[in-house]
Amino acid sequence: MRLRHIVVAVGVTWLLALLVGGPAMATSAAMPAATSAGPSAGASLVSSGGLVAAQEEADQGVRGMLRDGEGEPIPDVTLTVSDSAGDEVGQATTDADGQWMIPVPEPGTYTILLDEGTLPEGAELQDPERNPLEVQVTSGRVAPAVFQLGEEEEGRQQIQAFLRSVANGIKFGLIIAMTAVGLSLVFSTTRLINFAHGDLVATGALLAWFFNVGLANMGGPSIHLIPASIITIVLVALLGAGLERGLFRPLRQRRLGIFQLLIITIGVGLAIRHVLLLFFGGSPRTYRDFVGQEAVQMGPVSLTPRDMTIMGLSVLLLGGVAMMLQRTRMGKSIRAVADNPALASASGIDVDRVILTVWILGAGLAATGGIFFGSAVSADWFMGFRLLLLMFAAVILGGIGTAYGAMAGGLVIGLVTELSVLWFPPELKFMWALLALIVVLLVRPQGILGRRERVG
Amino acid sequence: MDIWVALTDGLRGAFGPQAAAYALLAIGLNVHFGFTGLLNFGQVGFMLVGAYGVAVTTVTLNGPLWLGVLVGLGASIVLALLVGIPTLRLRTDYFAITTIAVAEVLRLIVRSGPARDVTGGPFGLQSTGPSFQDINPIPTGSYGIGPVSYPHGQLWSLIVTWGIAFLATFVVIMLMRSPWGRVIKSIREDEEVARSLGKNVFSYKLQSLMIGGAIGALGGIMFTLSSQTANPDTYDPRVTFFAYTILILGGAASKYGPLLGAVLFWFLYSSVSSALREAAGADLLPDFMAEGGGSGATIMTLIGVTLVLLMVFRPQGLLGNKKEMVLGAR
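Residue numbers (our numbering), protein chains in the order written: chain A, 1 to 456; chain B, 1001 to 1330.
Think of the hints as simulated: they come from the structure by calculation, not from any bench.
Please read all numbers here as calculations on a predicted model, not as lab measurements.
The reader is advised that the hints may include incorrect statements.
Unchecked claim - Simulated coverage check for chain A against chain B, where a stretch passes if three residues somewhere in it have a Cβ under 8 Å from a Cβ of chain B:
| no. | stretch |
| --- | --- |
| 1 | 267-281 |
| 2 | 383-395 |
| 3 | 420-434 |
Beta carbons: idealized from backbone N, C-alpha and C, even for Gly.
Construct all of the structure, not just a fragment, from the sequences and the given hints.
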């Protein structure tokens, strides 16, 4: 009986992955062909920009134009592009019009280094922090990389950079908050820290990519990102339900110790993560819709409509969860079970049903956060684990086991990571979030919003 | 495909220096998890400081090997104090989260650009501890039984690493027989009982963290000495979960569990990887498993599933005692 459940759970996980991902293999092989079939995006961009035509062999790349403070083009400046692994991909020098273009083999994140030694006398980078510059290249597009030269009033620029980071931090923080709520809810109702929660986020992001892009690359229909997201969220919520029904509920009934359960979540996470790697490959994926939007200037900050939608939807969803917890019958039951499962059970609450709801809700929110992240940045198999550590930081910062704490903690973590970029190297930005976690544990282990209780 | 190749690859992996280094990691973890009941999810962090202690001392600073080993061990003690003091008073899950976070922070720092002059950044350091192979007494050649053989350099690191692993096993057995060990085990069974008997639980846990961490650091030191490189991305969180799989396979809280677990784990790991490669070469696998990192991802998935199945059906592993593994049950 128990055994059957476990087998079913493991089976469901695998099967789901196989079903949805199976055909994606063909995708990765077919990708280059598919992209070369449709270079229109790159071409139109080039023509509208009035730039030199892109090289024939690659459909995506990075381009830019260097002008000094007076708007005069600067020739003969060397730029080098390297991929996320740090390997050099290409090099170019600016022509007489100050223009340059470097093709890259595949979509992904690239860093562009401007050789400051080749700048002529008197020309200087306005913001030396933004060299090397990180650029997201999507399939079939030529991404612009802007290096600003010459001086401007420094104060204004700093304020702008600050506001930009705050906006980014809020966006990122809302996404973390949304994913962390599920982690926190599952913890508060079952006392289980789900180390596989991040992988639900990655599953959501990559499944949405599959419906949006992967399916079409294999000759199937291309589903717009919005319906694709809805299908994905339902599937991941079902995966969450499957994990609870097939694996964790039977194990709870066996009264397995917390140690075993934690290690089991680690194992589940490891399996999901590498199934994702197996089916979707290691390179970051970007969606087909809502890319390359023009940013809208709002006072000192500029945001793309996509980012504004992400932020708005996140606020709505988080507000909805809060309302649900506060007002509805199920919300009250969840809080009752979190408070005292035995008492809740004695007063007629079906604890198992509440926990199942929490898993479904948490997994659904995780998938939503994953899709938002994939849309704002990119989706890859390891993103879940990276986010998981930030979610932990958010959950502990806000107070473990309180849903509102997770929301507040998420925002703080988002702001900390994005604002740290202003003063410290961006590759260390996650470090500050994790250091914040350690400091909170030292000073106030129950978190900002946590209740004072024994945690030792 | 050739079963024989997979089998010999498996055997070579099972007794190789890498398996021995992982055995050391698992022995350290056994002190934490098996005996004290500390859920350390950041064992790889101790391994990293050990490895980089040697690498930075011998390559960046051109220091002698013995100093590097001391620096590595010292760094692991400091790390244990840094992690332990804020978190050991807290609940198990806090400790687990913090250790995993600290290990990842260490990796990020070591591979970051600003640390490049010291640690080599993302490229790591090469030819670490050159004097280790200089003192190799084994004459040049290849040694082994039949197809399972090691070149003299590898044989040397293999002998030393397994030697240290056996020594560490012996030390742990002795420690656990001592009154200190009995207190440690009583903390695992019920912290409150130990506390009510007047034992300073926090201090005992910290000592256990330091000892296990130092053994883990030895694993890192031997790992970098046998591979002659220190690369930050070797020390990702996966390593900790490998160590857990080894420990649970062999049997947590058992004396020889980590040794047996390491041999078995690396036999399975090497032979299955080899078999997967062979199968991919013979076109027996579906495309997605045969491509680039496919076999690695397949085997990692299998490890995840194995960990779950072990924890569900045989949490005590091969050599463990079930009574000692019913940890944290309420």
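Status of the hints after comparison with the structure:
With 13 residues having a beta carbon nearer than 8 Å to a beta carbon of chain B, the stretch 267-281 of chain A meets the requirement of three or more and the stated coverage holds. Only residues whose beta carbon comes within less than 8 Å of a beta carbon in chain B count, and the stretch 383-395 of chain A has 4; three or more means the coverage holds. Interface restraint, the stretch 420-434 of chain A with chain B: holds (6 residues with C-beta to C-beta distance below 8 Å; minimum three).
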